[in-house]
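Engineer: Construct all of the structure, not just a fragment, from the sequences and the given hints.
Residues per chain, in single letters:
Number of protein chains: 2
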Amino acid sequence: MALYGSSVEYGLHCLLHLSEAADRAPPSAKDLAEYQGISPSFVAKLFTKLEKAGLVISAEGVRGGFRLAKPKGDISVLQVVDAVEGGQPLFKCKEIRGNCILYDGNPPDRVTSSVCQIHALMQEAELKMRGVLGARSLADLDKSVGQVVPAQIKQASRDWFETRAQARRTDS
Amino acid sequence: MALYGSSVEYGLHCLLHLSEAADRAPPSAKDLAEYQGISPSFVAKLFTKLEKAGLVISAEGVRGGFRLAKPKGDISVLQVVDAVEGGQPLFKCKEIRGNCILYDGNPPDRVTSSVCQIHALMQEAELKMRGVLGARSLADLDKSVGQVVPAQIKQASRDWFETRAQARRTDS
DNA sequence: GAGCACGTACTCGGATAGGTGTTGTCCGAGTGATGCCGG
DNA sequence: CCGGCATCACTCGGACAACACCTATCCGAGTACGTGCTC
Numbered sequence: 062m063a064l065y066g067s068s069v070e071y072g073l074h075c076l077l078h079l080s081e082a083a084d085r086a087p088p089s090a091k092d093l094a095e096y097q098g099i100s101p102s103f104v105a106k107l108f109t110k111l112e113k114a115g116l117v118i119s120a121e122g123v124r125g126g127f128r129l130a131k132p133k134g135d136i137s138v139l140q141v142v143d144a145v146e147g148g149q150p151l152f153k154c155k156e157i158r159g160n161c162i163l164y165d166g167n168p169p170d171r172v173t174s175s176v177c178q179i180h181a182l183m184q185e186a187e188l189k190m191r192g193v194l195g196a197r198s199l200a201d202l203d204k205s206v207g208q209v210v211p212a213q214i215k216q217a218s219r220d221w222f223e224t225r226a227q228a229r230r231t232d233s
Numbered sequence: 062m063a064l065y066g067s068s069v070e071y072g073l074h075c076l077l078h079l080s081e082a083a084d085r086a087p088p089s090a091k092d093l094a095e096y097q098g099i100s101p102s103f104v105a106k107l108f109t110k111l112e113k114a115g116l117v118i119s120a121e122g123v124r125g126g127f128r129l130a131k132p133k134g135d136i137s138v139l140q141v142v143d144a145v146e147g148g149q150p151l152f153k154c155k156e157i158r159g160n161c162i163l164y165d166g167n168p169p170d171r172v173t174s175s176v177c178q179i180h181a182l183m184q185e186a187e188l189k190m191r192g193v194l195g196a197r198s199l200a201d202l203d204k205s206v207g208q209v210v211p212a213q214i215k216q217a218s219r220d221w222f223e224t225r226a227q228a229r230r231t232d233s
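Top to bottom, those sequences are chains A and B. Sequential numbering of the first sequence, starting at 62, is according to our numbering. Sequential numbering of the second sequence, starting at 62, is according to our numbering.
Do not take every clue at face value.
Identical copies carry no separate label here, and so any pair may be met within one copy or between two of them.
What the hints assert, rightly or not - As a list, the in silico BS3-like pairs of lysine-lysine whose alpha-carbon atoms are at most 25 Å apart:
#, residue 1, residue 2
1, 189, 153
2, 110, 153
3, 204, 153
4, 155, 106
5, 155, 215
6, 155, 110
7, 204, 189
8, 133, 110
9, 110, 131
10, 131, 204
11, 204, 215
12, 153, 91
13, 91, 113
14, 155, 204
15, 113, 133
16, 215, 133
17, 155, 91
It should be emphasised that the hints constitute simulated quantities derived from the structure, not laboratory data. Here the structure is a predicted model, which is why all the values come from computation and not from measurement.
Structural biologist: Written as structure tokens, this is what we have:
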């Protein structure tokens, strides 16, 4: 278990692959899923969210697929997380202060108008977290990955997607 | 919806009330719940977690209840959150890199031994968040609240819990 | 040979189930306070 | 008057459901490509 679900991991990995194939044939959801060994249907569902958030553009038809809607340097990790997770806050204050039995259903204005201190602290923590995620773009992430993954693998990856795109509609 | 559930909010509010009544009769879970207008059963369930985490000490019997296990200055908000939420990480890396179809089930050591860049970024964000929560204690929080809530209300609150404790076993 | 219309296979997209975690509820075991009884 | 004991109401603690969300799946609508026909 974790606070963020698997969707975040899947989404980021997929988008990184997409950024690699920017000027190639757009990989389909199925291609991306099979390449990474994850559920194709779930990836498809994921990309509907990413498209609604304006991060990717879908192409239909037999040669269809997805490509980034913006340069990879203009897409922050935070945008991806928010698109996938629905922009959920870290903490949702229920304002239970107002339920205090002393107020008997009529909390004074002083309580309702002032901000809950617990809420304020949580917002501060959330802001720090989002700051880290917002400061890093897909390009930065891709660069970091490039320092670990050798160019040979990257080339093999591109070739695989290329072959996969070529094979559509011809191998039956 | 939010990343942290209601338990965090309930737990922190309850513990703040407990810190106010440090040298009084220990409030029971039922008292704390009714005072705040929340579910008594759920609060009881919550406090079992807080006790297992060593944050509160339970007293049994008719005059029983809960009191803080340590001075309020020695309990950080992070400890409370972790106790209630089970110390869940922000992000759990599934290492789907190793599933890559190119590796065919046998990912090279370079991949398995190196840290996932996405994972690393998430850990950085989580660290920042936990840093904020870990730097603030219940005493700090109580102080902030004191600047908003007038002493009159605080006194009324103490009186209510006192009355409630007195009323046990005598009003039937 | 060129243009056009059609069929097809593949794609996206949303509607549809299963599993898991969280919220909320309930009842039983244990315990300290209380009142009574005997010394 | 004082100490011990049985009772009891209240507490904690864990076992028990209901709900919601996340993960995963399926099938239908739509579209670009390829092919064959017509001119």
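Engineer: For every hint, state whether the structure bears it out.
Structural biologist: Against the structure, the hints:
1. Taking the shortest alpha-carbon separations for residue 189 and residue 153, both the intra-copy value of 17 Å and the inter-copy value of 20 Å come in at or below 25 Å.
2. Taking CA atoms no more than 25 Å apart as the test, residue 110 paired with residue 153 passes in both settings, with 23 Å inside one copy and 21 Å between copies.
3. For the identical chains of this complex, residue 204 and residue 153 are inter-copy neighbours only, at 22 Å across copies versus 35 Å inside a copy, given an alpha-carbon limit of 25 Å.
4. With identical chains, the CA atoms of residue 155 and residue 106 are at most 25 Å apart between copies only, with a shortest distance of 19 Å across copies and 31 Å within one.
5. Taking the shortest alpha-carbon separations for residue 155 and residue 215, only the inter-copy value of 21 Å comes in at or below 25 Å, while the best intra-copy value is 48 Å.
6. Within a single copy, residue 155 and residue 110 get their C-alpha atoms only as close as 28 Å, which misses the 25 Å cut-off; across copies the closest is 21 Å, which meets it.
7. Within a single copy, residue 204 and residue 189 get their C-alpha atoms as close as 23 Å, and across copies as close as 23 Å, so both meet the 25 Å cut-off.
8. Proximity of residue 133 to residue 110 under the C-alpha cut-off of 25 Å is restricted to the intra-copy arrangement: shortest distance 18 Å within a copy versus 44 Å between copies.
9. Taking the closest pair of Cα atoms, residue 110 and residue 131 come within 25 Å of each other only inside a single copy of the chain (16 Å); across copies the shortest separation is 46 Å, beyond that limit.
10. Only within a single protomer do residue 131 and residue 204 lie at most 25 Å apart by alpha-carbon distance; the minimum there is 17 Å, versus 47 Å between protomers.
11. With identical chains, the CA atoms of residue 204 and residue 215 are at most 25 Å apart within one copy only, with a shortest distance of 12 Å there and 55 Å across copies.
12. Within a single copy, residue 153 and residue 91 get their C-alpha atoms only as close as 36 Å, which misses the 25 Å cut-off; across copies the closest is 24 Å, which meets it.
13. Taking CA atoms no more than 25 Å apart as the test, residue 91 paired with residue 113 passes inside one copy only; the shortest distance there is 19 Å, against 46 Å between copies.
14. In this assembly of identical chains, the alpha carbons of residue 155 and residue 204 lie at most 25 Å apart only when taken from different copies (21 Å versus 42 Å within one copy).
15. Taking the shortest alpha-carbon separations for residue 113 and residue 133, only the intra-copy value of 17 Å comes in at or below 25 Å, while the best inter-copy value is 46 Å.
16. Proximity of residue 215 and residue 133 under a CA criterion of 25 Å is satisfied intra-copy only: 17 Å inside one chain copy versus 54 Å between copies.
17. Within a single copy, residue 155 and residue 91 get their C-alpha atoms only as close as 41 Å, which misses the 25 Å cut-off; across copies the closest is 20 Å, which meets it.
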